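K.L.:
Here is how the chains run, residue by residue.
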Amino acid sequence: EAAVTQSPRSKVAVTGGKVTLSCHQTNNHDYMYWYRQDTGHGLRLIHYSYVADSTEKGDIPDGYKASRPSQENFSLILELASLSQTAVYFCASSDWGAFYAEQFFGPGTRLTVL
Amino acid sequence: GDSVTQTEGQVTVSESKSLIINCTYSATSIAYPNLFWYVRYPGEGLQLLLKVITAGQKGSSRGFEATYNKETTSFHLQKASVQESDSAVYYCALSDYTGGADRLTFGKGTQLIIQP
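Top line first, the protein sequences correspond to chains B and Y.
Counting in the working numbering, the final residue of the first sequence is number 114, and the numbers go up one at a time with none missing.
Counting in the working numbering, the final residue of the second sequence is number 230, and the numbers go up one at a time with none missing.
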């Protein structure tokens, strides 16, 4: 069974602090993605990666960094968390790019920045 | 850029009644994007419900259907008789190949509540 797990599942952070969200997949997929969802918005792509040690910017990359140290792991880093980054974050994986392939999603991480 | 507009907010339907969730799309750099419906059950990640890649075709899964209509740029989700287990958030999405990078564009999601 394909699986994408995220940690933590929820987090409260302080403004200006550093936050790292982690994602792990056991699907043997090349592509991994980070999305955020805010109330009243659809999921929006932050960063993605199609190979280990390489990341690409999505549609809303400002204020976020990503890291792909291995095929299985993909992290999202907020160096200086801000109130506007309060959202639910989803990680996903796919074996081909988004145009062709089904994406498998993790359960989400609810981040609250105070 | 691309956009997806779907029935907003919350939809409440009585069990065994029919359902339609509207979805219209706009794709700026491709004539025929791929179209998807994803569903998110409580406590879980999004999962693919159905996908259609050819205009004019219908996709179906778990009793749900959606037809890719390129004339009206629509991809409405329908079910003839809903069950309590269908309570979830439904997302319409399209995939495009913009600027050399393929990506999904999602609608805002529609929360479906089934009344027993």
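Mixed in with the good hints, there may be bad ones.
[As the list claims (entries may be wrong)] Under the rule of at most 30 Å between Cα atoms (straight-line distance), these lysine-lysine pairs were calculated in the DSBU-like manner:
(1) Lys222/Y - Lys18/B
(2) Lys165/Y - Lys57/B
(3) Lys57/B - Lys11/B
(4) Lys131/Y - Lys165/Y
(5) Lys184/Y - Lys172/Y
(6) Lys222/Y - Lys165/Y
(7) Lys222/Y - Lys65/B
(8) Lys193/Y - Lys131/Y
(9) Lys193/Y - Lys11/B
(10) Lys165/Y - Lys184/Y
(11) Lys222/Y - Lys193/Y
(12) Lys222/Y - Lys57/B
(13) Lys65/B - Lys18/B
(14) Lys193/Y - Lys172/Y
(15) Lys131/Y - Lys222/Y
Think of the hints as simulated: they come from the structure by calculation, not from any bench.
Source: prediction; values computed, not measured.
K.L.:
All the hints need checking, so say for each whether the structure fits it.
P.N.:
Consistency of the hints with the structure:
| no. | hint | verdict |
| --- | --- | --- |
| 1 | Lys222/Y - Lys18/B | holds, 28 Å |
| 2 | Lys165/Y - Lys57/B | holds, 26 Å |
| 3 | Lys57/B - Lys11/B | holds, 24 Å |
| 4 | Lys131/Y - Lys165/Y | holds, 24 Å |
| 5 | Lys184/Y - Lys172/Y | holds, 12 Å |
| 6 | Lys222/Y - Lys165/Y | holds, 18 Å |
| 7 | Lys222/Y - Lys65/B | holds, 25 Å |
| 8 | Lys193/Y - Lys131/Y | holds, 9 Å |
| 9 | Lys193/Y - Lys11/B | violated, 37 Å |
| 10 | Lys165/Y - Lys184/Y | holds, 15 Å |
| 11 | Lys222/Y - Lys193/Y | holds, 20 Å |
| 12 | Lys222/Y - Lys57/B | holds, 22 Å |
| 13 | Lys65/B - Lys18/B | holds, 11 Å |
| 14 | Lys193/Y - Lys172/Y | holds, 13 Å |
| 15 | Lys131/Y - Lys222/Y | holds, 24 Å |
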